[in-house]
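K.L.:
The lines below spell out each chain.
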Amino acid sequence: MVNFSLSAQNLFFSYGDRKVLHNVTFKIQKGDFVGILGPNGSGKSTLLHLLSGLLIPDTGTIFISGKNTKELSRKNWSQEIAIVFQETNLNLDLECYDIIMMGRFPHWRRWQKENQQDIDSVLNALQITNTQQFANRPFRELSGGEKQRVMIARALAQKPNILLLDEPTSHLDILHQLDIMRILYRLQKNDITILGVFHDINLVSQFCNQVMFLKKGEIVHRGLVGKSLHAPQVEELFDVEFLEEIHPYSLRPFFMPLGITKKMESPSASIHLICGGGSGSNFMKEFLEASFSVSVGIVNQFDSDQEMASKLGITVIIEKPFSPISDDNFQKAMNLAAQSDYIFIAPGYWGRGNLLNLDLAISLQERGKRIFFLQDSLDQNWDYTEGQAINKLNILVKNHAEVFSTISEVIDRIKKDCLK
Amino acid sequence: MKSLKGRRIIFILIIILVLSMVFSLGIGGGRFQISDLLSFLRPQSLSPSEKTIFFEIRLPRLILSVLVGAALSLSGAVLQGLFQNPLVDPYVLGISSGGAVGAIVAILSGISLGFITLPLFSFLFALATTFLVLRLGQIGHKMPLEIMLLAGVAIGFFFSALISLGMFLAGENLHQMVFWIMGGFWNSSWNKIYTLLPFFLIGFPLIFSYSRELNTFLLGEKVAESMGVEVEKTKKILLIVTSLLVAASVSVSGVIGFVGLVVPHIIRIIIGEDHRQLLPASLFLGSSVLLWADIFSRTLLHPVELPVGVLTSLMGAPFFIYLLRRKKKGW
Amino acid sequence: MSKFKIIAILSILIFVFSSTISYSQPLSATDATGFTLNLSQPPNRIISLAPGNTEILFALGLNDKIVGVTTYCDEPTEALEKEKIGNVTEIDLEKILTLQPDLILASSLTPEETVVRLHELNLPVFTLKSETIEQVIEDITKVAVLSGVEISGSKLVKTMKDQLKKINDFAQSIPDHQKPLVFHIIWHDPIWTAGNGTFINEFITLAGGKNLAVDIQGYSTIDFEEILKRNPSIITVIENHGKNEENQLYQFVTTDNRLQTVDAVKNDQVYLIDSNLVSRPGPRVISALQYFAQIIHPEIFGECKIQE
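Protein chains in written order, with the working numbering: chain A, 12 to 431; chain B, 1215 to 1545; chain C, 3 to 310.
Rather than coming from a laboratory, the hints here were simulated on the basis of the structure. You may find that some hints are simply not true.
[Unchecked claim] Okay, the calculated bits of chain B under chain A, using three or more residues with CB under 8 angstroms as the criterion:
hint	segment
1	1315 to 1325
2	1440 to 1446
3	1505 to 1514
[What the hints assert, rightly or not] Mimicking SDA-like on lysine to any residue, the simulated pairs with C-alpha atoms at most 20 angstroms apart in a straight line are:
hint	chain 1	residue 1	chain 2	residue 2
4	C	K231	B	R1245
5	C	K231	B	L1255
6	C	K268	B	E1264
The structure presented is a predicted model; accordingly, all values stated were derived computationally and were not measured. For each residue, glycine too, the CB sits at the ideal point set by N, CA and C.
If we strip away everything but chain A, and leave its shape as in the complex, we get:
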């Protein structure tokens, strides 16, 4: 029987009428470092308050080291769990040593004096948080990051089995954020269970070994960072598109928000993008942000446009690397593009390899598709096909292709058409 360090069963909590936590159940083992993530108002802070005993759940039970918290006194609870809050601007004159020593409170009886055990705990806490040099300095002279470390030291002086942290790094600069995460990471070695609410997905992915997602008061995901933390779960949690990479140094997942909100209204128009060599990446972004659905083709594999499209989850017709366009792919592109409302040609270099893309456009035009491209495309300097590309573009123009100055005009036109 595994001894769970901390577990919660069916926790419910409301502030008056407002439901904050709904049926929260989880188990955490000794030595776990769990990162709690979620959008604002998801109840993360409230959960920590319940676990530390600062709030009482409406229903549900919490077990700490196997003991039901309903049977724990305030002091005993504080001997098991310590909590660190977001750094506040406390301007205390007290020396840091005294502040950290306050953390020994749960171990004292009313008239008990400080003993060697207390001193050892404080010194230990100073060492772990690397705050020895602040011991005799007044708290208010420290910087934000240093204050937070002292607060962690204070929590550690409680000699808790479980450490809770409520957005401990939110107001800190990068240096101090990493400082603190490293301290927490090392604490795991001392068999301390850590549960932290963080605002930064990457701090969690880099340092925690487990992750818990909280959305609208419910746990929507729980698992190991390595195995179950991927872009889809993160996107689902935050309603934002993310790009997942492997951090080159830590080899842990690293998430980059794409700035496109996932919550798209159903696309108002569909555009097939003809591009290559990086010319299309910007347009893919612009069209997606304008709530159009996009398809791409034909591009070669390893072309940067191909990689972008794949990452963005856009349907793309891919040709073998460095190879001219095959008939097979040409047909596929025709079929794909036929489903689009518009065809857009991105301005870029034309060579023998991608000249067929223009033929694609001409064929599509004959099928009745509207062709858009920018004035820039008609620049001869980009034509490496001895004029063939320009010719094809002129044919397109003759057959009523529309030429614009900027991408915004294109988007505006499409949007206007949609309104009709």
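Given chain A, put chains B and C in place with the hints provided.
P.N.:
Just chains B and C now, kept in the frame of chain A:
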């Protein structure tokens, strides 16, 4: 180490207090007379009236002013620590207004139970006011202190109006009311000391035992609670104990202002916020301050006696301003 | 014209003329604020704003002319039946106006704003503010002049002066060291006494005693120790009418353990003084003086009859 400095200052304050007490025994006839002091040490040589002067007038007076000064400063320090608000003084829960109304009711009603009448009425009304404020300020099991402060202010206003009404109805008893409210030690007696003593003997050590809790309040109530402090229980106990101390003080010596507000701040500027030193230091400084204020009230316009409350404000304010300026220049 | 007719007309003229002369003599006096009041004829509707003034009016035989008094005016008892215009500090101006007074006697207790207001309303206000027996006598004279009763006035004044002189002469003949030290206590919490410049001080001094608080100005607190140090042989205690069943102040003086060593307490020389008697500037100041004289020098003035 800061606590060493703190302990040294406390030691100095104790010495000052003891010396002041000895000195005050020699104050008579408007000035210090060493002969008075020496004859005090040989009680057999005193005439009956001289004996009365020393043992029934001077000694109880100095003890009472020391005790009240201690109670007010200690309560002020505790309340400032509880409310985490530097503007708080011992009368923040309306105790002084309640006590004054009690005294006024006693005067107007003409009820006479002997000399205990005024102090008893004052004490009961002061306590009633406190409990009224505590109940008003309570929400469920919690005592949110901002609400408590507001309740105290509101009740204070109400009682001030009653005081004005009482004064209006006073007629020829007006000056008695005014003097009671201004506060003074003219009628110090051993009886008054005996009535105060149990509150102080129990209250002082009890408050000191909560020094560490008060320190945790500096970090915020949430953090304090997470560290095992029973925040609501602590608030309740400290509020009740300080209220008893202050109500008792007000009932025997009227409303003496400023001491409870300023003395803890002076100590904070000198020693810091650690309540393990702040509380005892405030107590000893407060005793000396009130003792000296009483000495001046007896000597400045001898044989006329000034009300002590006036002197505490006159003495305290400029000194406090001086300390503030020193602190700003970074000492 | 015949001589008879001339004489008749002249006599009539002289008669008319002389009668008008005697009535056009102005009644005039200057009050404590420096204000000079001129009345063309003796007042018939007088309002008193202080009990002392009421007593003066009654003593001058002007009771019928009084149309308004304060709620505190209780001496003599007929005063209780007069119309009330408020107490000493809160005065009903409207009432005063409806009573149409032709003389209003204010006192030092009347609030300044009220006096100013009365002046503004062009009412004949005369303020009496006396701090010594001499001044009281002067005030009585002024009121007599204003009211056109100079004869009654001078009779009363003469009686008062005679009694004053009698007491004072006897008292001054006593050598200083035989003058008892008297402490007058008005309240105990704080100790409140009457120093130099008060009526009490005058009563004690003129009656052949020494005021313990003579080095203090006016009404004031006093250091408790001084009472013990100076050791008075007589203590006079103010008694408020009907306030307590037992006089709290008297109880304090006689039973407080700190005062046990004082001669006055040891020798049972603690006397009650009616506060009304000693706090109203009026004809009874002489009675007050007599009372003090009996307390301080019973061997000369006879035993004091009223004692608790």
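K.L.:
Which of the stated hints cannot be reconciled with the structure, identified by number in ascending sequence?
P.N.:
Hint check: 1, 3 fail, others pass.
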